[in-house]
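Asker: Here is how the chains run, residue by residue.
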Amino acid sequence: MSRQYLIRRLLIAIPSLLGISIVLFTVLALAPGDPFGELASNPAIPPEVAASLRAKFGLDDPVWIRYMHWLVAMVHGDWGFSFASRINVDTLILQRLPTTLIVIGAAQILAIIVALPVGVLAGTRPYSIFDQVANTLAFIGFSLPTFFTGLLLILIFSVRLDWLPMVYRADLGSTGWTWFVAEIKQSIMPVAVLGLFQGASLVRYVRSAVLDVVRLDYVTTARSKGIGERKVITRHVVRTALIPVVTLVALQMPVVFGGAIVTEQIFRVPGIGSLLISAMLSNDTPVVMAVTFVFACLVVLFNLIADILYGWLDPRIAYR
Amino acid sequence: MASAVVLLAIVLAVVLGPLVWRVPINEIDFAAQLAGPSWAHPLGTDDLGQDILARLLYGGRISIAVGLCAMLVAAVVGVLVGAIAGMSRGSVDAALMWLADLFLSLPQLPLLLLIIYLFRGALTSVFGSQGGIFVMVVAVIGGLRWMQVARLVRAQILSIREKEFIEAARALGASKVRQVVRHILPNAMGPVIVAGTIDVAAAIIAESTLSFLGLGFPPDIPTWGRVLFDAKDTLDVAPHWALFSGAAIFLTVLSINFIGDGLRDALDPRRVL
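Listed in order, the protein sequences are those of chains Y and A. So in the working numbering, spot 204 of the first sequence is number 205, and the numbers just go up one at a time. So in the working numbering, spot 62 of the second sequence is number 151, and the numbers just go up one at a time.
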């Protein structure tokens with residue numbers, strides 16, 4: 002993979018980030034109501050102070066100047082002050098972000114571990130019983146909304162069987178080995194909900210990608226050279242089939258983040274998704290804007306990673 | 090086929106059900122609080138003693154209506170954008186497709202939540218609390234789902250517009266609009282119908298998610314997601330409440346997805362998914 006390809010991909014990410022920031026700012030600017038409505042209706046703040054705050058934050062400037070100010074502030078990491086928590090928004094988000102990334106990452110790994118073998122097996126034996134069962138289960142898996150699977154798991158494993166804790170706790174109050182076990186136990190359900198939902202759609206992508214590749218001539222060549230079937234599949238078919246799957250996984254990222262918000266909300270995982278919901282319920286606009294912006298950046302980042310992976314898996318792309 | 094029957098049964102139930110099952114959705118009866126299924130309340134009651142069957146039947150109307158309307162919004166916008174992009178080569182095409190790509194990389198749910206959070210007050214004052222939320226939910230869900238349709242329509246137009254029968258229409262002096270509406274679109278509808286079917290399911294899930302997060306419809310409009318949201322705090326004592334509402338969403342979405350898959354096989358035999 003050439004360095005040129007990397008640089009080109011990085012440069013392509015910038016306009017899409019700018020585009021997303023314009024969309025977000027347009028939504029904010031079109032929204033009725035005043036970000037300082039809270040201050041204006043607060044009797045403890047005299048009107049002169051409110052007016053000078055308005056002037057300080059440039060609320061009376063033309064739209065594009067406000068956009069530039071907002072963008073510069075966002076890029077500098079100056080994301081304002083949370084009305085509800087009384088701390089800076091960037092500290093708040095940085096506290097919460099690792100949890101979200103760990104849950105999403107673990108769920109993706111689970112999805113891949115489940116979906117890759119199942120999808121490959123189903124794709125190499127199309128219309129067999131295994132394929133039909135896998136296909137049906139995959140259908141059920143992505144038709145079950147995450148909020149319902151979450152409640153079902155809580156109902157089965159927390160309420161009925163009492164194996165796993167119902168909510169995720171940030172401060173477990175223990176150390177060492179017991180802490181580790183408790184951490185794993187409380188992460189199982191959120192990760193499983195998200196991972197199985199992801200895995201269900203992934204199975205179908207992998208299956209159809211494998212189906213497309215298995216018919217190609219080079220696979221027949223590999224077989225006729227006397228390479229064992231297992232080796233043909235793992236070395237020759239899967240590598241090629243993964244290329245379109247990577248793109249589809251990247252396109253799924255917005256959905257994954259949506260699922261993460263719901264999962265975090267059900268299991269009370271202290272990540273940025275539950276932060277977004279609680280900020281909305283308490284009218285904490287700076288936090289809401291910042292979290293949405295972070296989600297947008299994460300989506301662009303994952304698309305970028307997928308593009309780079311794509312170039313690595315398929316050298317033809319990088320030299321085009 | 091089985092999925093079509095299930096979906097038809099669900100649709101008939103929510104359309105005709107409230108006419109047959111005449112229990113009011115908001116009759117509060119503390120004597121029957123959180124009761125399990127019984128003859129008086131086939132699906133049990135919730136924490137205020139309201140009949141869950143009646144609430145699900147009523148809420149299903151709204152959930153399915155949101156799904157259908159959002160799909161229509163997405164399909165109309167998508168066909169329009171796709172047709173304009175497909176027929177005008179060059180910069181307009183590139184700009185519209187860039188826009189579609191941009192929308193595809195937006196984080197849907199956070200943005201949906203953001204828009205509803207910011208605009209809820211204004212719209213409820215214009216359309217009233219029920220209508221306002223309905224219009225907004227439909228517009229936003231539809232407005233974030235048109236990209237797939239637009240790309241499909243554009244791809245179809247690009248291939249169909251080079252065919253002989255379009256050339257014939259052009260030679261006869263048909264205007265661009267007439268070529269698209271009378272000749273190209275009828276031949277490009279297959280994938281659009283499939284995408285539209287799947288969109289209904291996705292829109293129902295999106296609406297339920299909003300309601301489940303407590304940011305969709307208000308409590309007096311029991312959509313399926315809202316019922317599930319109300320049920321989630323009493324999972325240990327009244328699991329039937331959450332199970333029935335969740336099963337309603339799941340069955341509807343599953344049967345729509347199966348129908349979409351069947352349609353894809355029927356309309357597009359080349360593609361094996």
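Calculated directly from the structure, the hints in this document are not laboratory data. Please note that the accuracy of each hint is not assured.
Far from chain A, some chain Y residues (derived; all Cβ distances over 10 Å) [unchecked claim]:
1) LEU156
2) LYS186
3) LEU217
4) ARG231
5) ARG236
6) VAL289
Covered stretches of chain A, going by a simulated chain Y footprint (3 or more residues, C-beta under 8 Å) [claimed, not checked]:
7) 197-206
8) 253-260
9) 336-350
Each residue gets a CB set at the ideal place from its N, CA and C atoms; glycine is no exception.
Asker: Could you run down the list of hints and mark each one as holding or not?
Answerer: Verification of the hints:
| no. | hint | result |
| --- | --- | --- |
| 1 | LEU156 | violated, 5 Å |
| 2 | LYS186 | holds, 19 Å |
| 3 | LEU217 | holds, 14 Å |
| 4 | ARG231 | holds, 24 Å |
| 5 | ARG236 | holds, 24 Å |
| 6 | VAL289 | violated, 6 Å |
| 7 | 197-206 | holds (count 8) |
| 8 | 253-260 | violated (count 0) |
| 9 | 336-350 | holds (count 7) |
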